[in-house]
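First to last, the protein sequences are chains R, Y and L.
Those letters in the first sequence? Residues 1 to 377, per the numbering used here, in order.
Those letters in the second sequence? Residues 378 to 694, per the numbering used here, in order.
Those letters in the third sequence? Residues 695 to 1034, per the numbering used here, in order.
Everything labelled a hint here was simulated from the structure, so no lab data went into it.
These figures come from a predicted structure and were not determined experimentally.
Even for Gly, the Cβ is constructed at its ideal location relative to N, Cα and C.
Residues from chain Y shown here face chain L by an in silico Cβ test under 8 Å; the list is partial:
id	residue
1	484
2	497
3	500
4	663
5	677
6	678
Below, in silico cross-link-like pairs of lysine-lysine (PhoX-like), each with a Cα-Cα straight-line distance of 20 Å or less:
id	chain 1	residue 1	chain 2	residue 2
7	L	956	R	206
8	R	65	R	289
9	R	338	R	322
10	R	169	R	222
11	R	324	R	68
12	R	264	Y	527
13	R	60	R	322
14	R	222	R	245
15	R	117	L	868
16	R	264	R	372
17	Y	527	R	219
18	R	191	R	222
19	Y	527	R	245
20	R	60	R	70
21	R	248	Y	527
22	R	335	R	324
23	R	70	R	322
24	R	367	R	264
25	Y	527	R	268
26	R	372	R	268
27	R	60	R	296
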Amino acid sequence: MKNNKVVAFASALIVAGSSAASIAPASAETVLKIAYQGPLTGPEAQTGTDGIRGVKLALKIYNAKKPKIKVEAYEGDDQGDDALGKTVGAGIAADPAVVGVLTAYSGPTIAALPSYKAAGIVIVSPSATRVGLTDPASPSYGAPVFHRIVSNDDLQGPALARTATTGVKNPTVFMVSDQSSYSEGLFASTKAALGTALEGSDKAAKGTTDFSATISKVKAAKANIVIYTGYYADGAKFLKQLRDKNFKGVFAAGDGVLNSEFPKLAGKRQSEGARLTAPIVPLEVASPKLTADFKKEFGAAPGVYTTEAFTATNMILEAITKGKTSRADILAYIKAIKYKNIAGVTVSFNEFGDLSGSGLMNSFVVKSGVIKLNGKA
Amino acid sequence: MDFSVLISEFPTLTVDGIALGFIYVLIALGYTMVYGVLRLINFANSEVFMLGTFASILVATQIFSYTLESEPLTGFKLVYTMLAMLLGAMIISGVVSVLVEIVAYRRLRAVTSNRLTSLISAIGVSIFLAEGVRILTSSAPMGAPRILDKITLTTVFGADIRIDILLVIIFAIILLVCLDLFVNKSRLGKGIRAVSMDYDTAKLMGININKVISTTFLIGGLGTGAAAFFYVTVYEVTVFRIGFELGIAAFTAAVLGGIGNIRGAFAGGLALGLIEMYSSAVFGTQWKSITAFVILVLVLLFRPNGIFGESLQQARV
Amino acid sequence: MAFNLRDFGANIWAKSNKWQRYLLALIFIIAAFSLPLLEKTFFNTPNTPFVSVLFYPIGLYTLMALGLNVVVGKSGLLDLGYVAFYAVGAYTAGLLGASLKLNTWEVMPLGIAFAMLSGLILGAAVLRLKGDYLAIVTLGFGEIIRITALNTPAIGASMGITNIANPPTTFGFKYDLDHPESYYWTILIMIIITIMAIRILSIRRPGRAWEAIRQDEDVAELMGVNIYKYKLWAFVFGAAVGGAAGVLFASESMFISPNIFKLEVSIFILAFVVFGGMGNIWGVILGAVLLSYIPERIRFISDARMLIFGLVLIIMMNLRPDGLLPRKKREKIKSDKKDS
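Sequences are here, hints too, so could you generate the full structure?
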């Protein structure tokens, strides 16, 4: 049939044309790349977008100084999904121009670790908080490549427990996890810190639309505090339904929920007073000037891990500025780095990849649809 | 296993289960009616639902210019806005449903009797529509403005009856009654039943098969669109993936009740809604899908035509 | 007369004598093994290393498509939960490999055995159902496996299983990140073994029974075919292949978690089988290779990949409803006196 030949010819054209387009021109100057592996699309896309913008802002400032070695961003979209994290990580490791990578979510980071370890690429994560990544006893131990500039969930769990129960008489807590690897980790850590205050729990898989049964359990447990350890898209749905079913108690959540979209999706009235914890400093607080630059460059406000992504990128850029251009050199440099961040604090890593010294954990509260910093957690 | 929650919150769980169940019922209609006439699992119905939800929200935000921060409406404004959202969802879902039939299935009916081919075509449509919306929304969820304030009207046996829940239940019942009347009393409805019973004979008897099939897809689409409106009213959010997540459940409901007939969809949808609520309370929400599937398997093994199934086809060897 | 690739190929094969056939087969096999050389050509996949793409998704999905083909294509059993066997194989490798300290080759027969066992249990329970009911039940089964794995902390829950060992160095071939071609060649060998097994079964009694069941179950039963037994055979065979693929996947990936074994995987493999031409081994291979390769190749239109995939499915099914290489009208029978 003529149809088949047309189809075959058309597809051949498409493949040929696309291959022509993908043959890259040879470049004369050295261009290095810093990769960001995170949810650039998908339900968690806002977090990835906030992160990659932090990277791009740092790169813009660096490249504007007309350095000898230009550095570009490599966008690795894993959609927050473990399986994708593995393939995206393999692709990043296979690109010889990539000399350092920022990984956003814990699950995909773990999936991609084998590729990064084999290639010896340094990871400076702005947001992966799972404890196992820096725990030598854990199968997901990330050494020698993994580092993070945020405190891990061992610190966040107790902080979340404290933040949630402050000012509540006879705290009775109900906890909900979304069964993702991040959520389960934070859940365990928070549960341990709560002790007897924890009255009940439930697990509602990511993507759940109807939380009615969970809410009934909250009521049956007579809880006056609900702690959610998942991400913002589902957290917003859950909180909205909680409030619409006349739950008047405290709602608290971890850094997965800290996102500018959260109060919008949950509803202004419903999200009022929600308490959040996160190991981050908002860019508005850390540097008003950079925030202005950011807004001019991207036409939007900075987001959750923007400051951290910015700092992580700058650490790698510092290594490049000091003449380190190979993966091994940059990895060694980061291991020994003493970097002064925009808040004026000197940052360095311990032998497991965590920040040395006591960590940073901030608490936040939602007021009138805006997330505001509320002091240390 | 914890029965205490089930017992103490039974009324609330039941009301929630019924409300969710009616949404399942309406979506299940899209599957069950198409299966009745074509013996085809209409995979694309999940995206028909998804598009209906977006249509509903867009009516509120684009045509009426409400935003997530808008105050809920009252009085006459409330009524006509909700009607507009309902119509928007039903029209879009109905139209898409009919288009899907014409684009993806019609030609195959004439060319091959291999039902798997139509199934794969259906899957292709489903993927295409979901991905299309994903790209247009950059995978972000879309929130709906609160048009109807969620006031609690009354309390029955300790269960709060909210106005939106009540609306869903009443509307759904009205819709189902109309539909049942249509299928049983109208000429076109008789045509649909004839084709469900015996495709070839119906054709021989002079029934306009294409018209019947298009009508079936249209009705299924309208029902699914109504479900989309109710979904948006209650949950106030949608995302490109929503079709897939609810579609599997609705399809399970259709089979549970006895696929191919409307009363089956009704029974299956309500049953599934209740099963999900109760099992979540007893075992934990993470087990709710498994409970549904296990019950489905058991029902099919011991009562293969479903709860209400007429013998549409032999289910057992 | 339209150009029919399948008949073209079949004619060449029919006209060749024994030695020519061996030569043709050898050429094909050598060509397949040399595919990694295409890495430097325009066949290369941007963003993901070409040779590892040859293994996953192309090789693995082709192997699984062959397995599912026996169930769906040859026997006409609509299975929408094939990913369950893949998961059983992978989790067996992950769990038993670690606790019993077995390497990949040692755990492979166990993985296959467990997958076959689950195929047997599932099949025994549901194979009396017909057509679309079977489809739904198998879909449910696939989801039950995934959700159970997600909810069970003992097997890792959502965190999955990490640090699964790579296969040991065998016959001098190393299996690590620097040698992705070893995995590819291994899966190629598994594919070849599977093809041989299918051909042998097809020519003998099981194949005849499957063909009879596929064409008309009731008539087959009336003619004395024990359809229940042969359906079970098909199911278990398909499960074995799926399990083998799962074991190899786990040892290459080193990390598995429940959300890898989604319903979508079952649907894709089914799409490959139907797209390629159900019942026809070469059609299925072609379908699987094309449909898993093309999305990787066009990654640079990355966002629209799946959109195009859906479109391709719709167009292909409408233009060529019997698949790329439809099955022969009649399966070849081996007249085997001792077999009757």
